[in-house]
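K.L.:
With the hints as constraints, model all of the structure from the sequences given.
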Amino acid sequence: MDRRHLLKLLGTATAFAGWTPLQLEALLKPGGTRSIDVAFFTDAQREAVTAFCDLIIPTTDTPGAVETGVVEYIELMVSEWFDDGERERFMRGLTHFEEHTQSMTGTSFALAPEVRQVAILKGLEAEANSLRDADPDAEEEFFHQARGLVLHGYYTSEVGMKDEQMFIERPMFYEGDVPLIELIRTGGDR
Amino acid sequence: MGKREEYDAIVVGSGMSGGWAAKEITERGLRTIVLEAGGLVTPDDYVMDVYPWDLKYRGRRERAVQSLQRPIQSTCYACDAWSEKFFVRDDENPYTTAEGTDFSWIRGRQVGGRSIMWGRHVYRWSDLDFEASLKDGHGVDWPIRYADIEPWYDHVERFIGVTGQAEGLAQLPDMQFLPPMTLNCQEQVARDRLTQAYGGERLITIGRCAVLTQPHNGRAACHYCGTCERGCSTHSYFSSLAATLPAVVDKWGIPALRIHCEWSDNERKMLQEMSVQAAEMLDAVGARDVVSFVEDNPPGLTIHEMGTARMASDSETSVLNGWNQAWDVPNLFMTDGACMASSANQNPSITYMALTARAVNHAVDLMDRGEL
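Protein chains in written order, with this note's numbering: chain A, 1 to 190; chain B, 1 to 372.
Hints in this document: simulated from the structure, not taken from any laboratory.
As the structure is a computational prediction, the values presented were derived from the model and not from experiment.
Note that the Cβ used here is the ideal one computed from N, Cα and C, for glycine as well.
Don't take every hint at face value.
[Stated by the list, open to error] To spell it out: a stretch of chain A is covered by chain B in this simulated footprint if at least three of its residues, at any positions, have a beta carbon under 8 Å from a beta carbon of chain B; those stretches are:
hint, region
1, 146-159
2, 171-181
[Stated by the list, open to error] Just the calculated beta-carbon pair ranges, DEER-fashion:
hint, chain 1, residue 1, chain 2, residue 2, range
3, B, T42, A, R170, 13 to 23 Å
4, A, Y174, B, N217, 14 to 24 Å
5, A, E158, B, D44, 46 to 56 Å
6, A, E127, B, Q186, 53 to 63 Å
P.N.:
Okay, here's the thing in structure tokens:
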């Protein structure tokens, strides 16, 4: 996004209300290196992302996304790894997500009752899916971006890979055809 | 100027073919030097024990750096956040292509070359392949047939260790096999159904790979960590570095190439036909909702560069004779992919290795007889 485009947006929309100077700077200085040592999300944004992660992969008999560090991973990827367009889309989507929740429930996403949270996510998913179906080449909507980050962050974490996926670093054997029940019984460790 | 060293043989490059040349020549007692433009790979460079959670972006590469340093190499499946150091930096290794053409030149510049991160699949050629040019009328006839190379396939396979299942196929001859890895349950079902659907004319077999399913020639059996292209500290897959190379290294500058390579109408038609056949076979084994597609990648992306200094029986139409010996320079032998008179569907490395061992044997015979 170029500076002129950004200024035009700033002049015509409230999309950037509540953004921190760091977030605006990230948009104004594309391609710069940013460090996770400096918090990128506001506390409110981080709470919303945390609640989102907890609904996508909750803690069950295996650890959930929040306790495996997925929120920190998302903050890192959004602030450093995303390109400028992806970052802008994510942050605008997050702002819209919070505003939408506020208008629907009168409170923030993190504090909304779970039944309302789920309804909001389902609505967002349906909207993102229909946009993608209409144009498969379109850039990813916020919901898909965020869910993709949760899944990648979780399944590349040590806990997610080892506890949930039964990943073994060096199995020392290869058996192509093993009854699933045997694997479940032994936790993959034969 | 330092002391003048004299060698009986100079091997240029330490990859798949260079490693074999060095091994075979030194085993015949010749004083040999290997020239390699790249640096040494040490056990610390192998990153098989580095996991996604150990990396800052969990295995995703910093895109600004990637697009600057390895825009071409990173299109190769094996060049990821772990293994990219085994691939050259495109910004430091430029080449050009003829106007209107594209070529993805995937390269590794280090001791061991691309044998460090190769795909490890090995399949023998048969006379179906060695006679293909003659029968189809493309290019020139190969100066050799399967019988010429068969003992050399045996020779290199016994050394490198190949896992696979003997099937007795004329078009894909059996090899010197270590025990095969097993098919999974889906593959077993697909194999049975395909065999039935085509009356035994087509079959599914487990991949044939230079991976050890049992200890072999002092190297450990595979531990199945699954990330071979990141290097293997137990040397359980074959590489020049792990198996063939005596450690003699030097540096060499290489001029930039201008590459002219295009798919012809024949290749495009084969691509379409492969897609049709693949869909037909999936249908035959009971797969549903089969969607066929054709991936139109630029030449080079599948690596396997072949030709440009081909072998033939006639010096007018080729650079090398049937022993990989240059017609114009009798003491120059070329045994890498450049020597190939045609390509086939098989991954070519095992054929380069066999041709290399065969050429070395012949060259040393000539030297012993005082003819070289």
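K.L.:
Decide, hint by hint, whether the structure agrees.
P.N.:
Hints, one by one, checked against the model:
1. 146-159: Coverage by chain B holds for the region 146-159 of chain A (5 residues, Cβ < 8 Å).
2. 171-181: Per the Cβ count (7), the hint holds.
3. B:T42 / A:R170: 13 to 23 Å: At roughly 21 Å between Cβ atoms, R170 (chain A) and T42 (chain B) fall inside 13 to 23 Å, so the hint holds.
4. A:Y174 / B:N217: 14 to 24 Å: 21 Å Cβ-Cβ, so the 14 to 24 Å window holds.
5. A:E158 / B:D44: 46 to 56 Å: violated, 22 Å
6. A:E127 / B:Q186: 53 to 63 Å: violated, 36 Å
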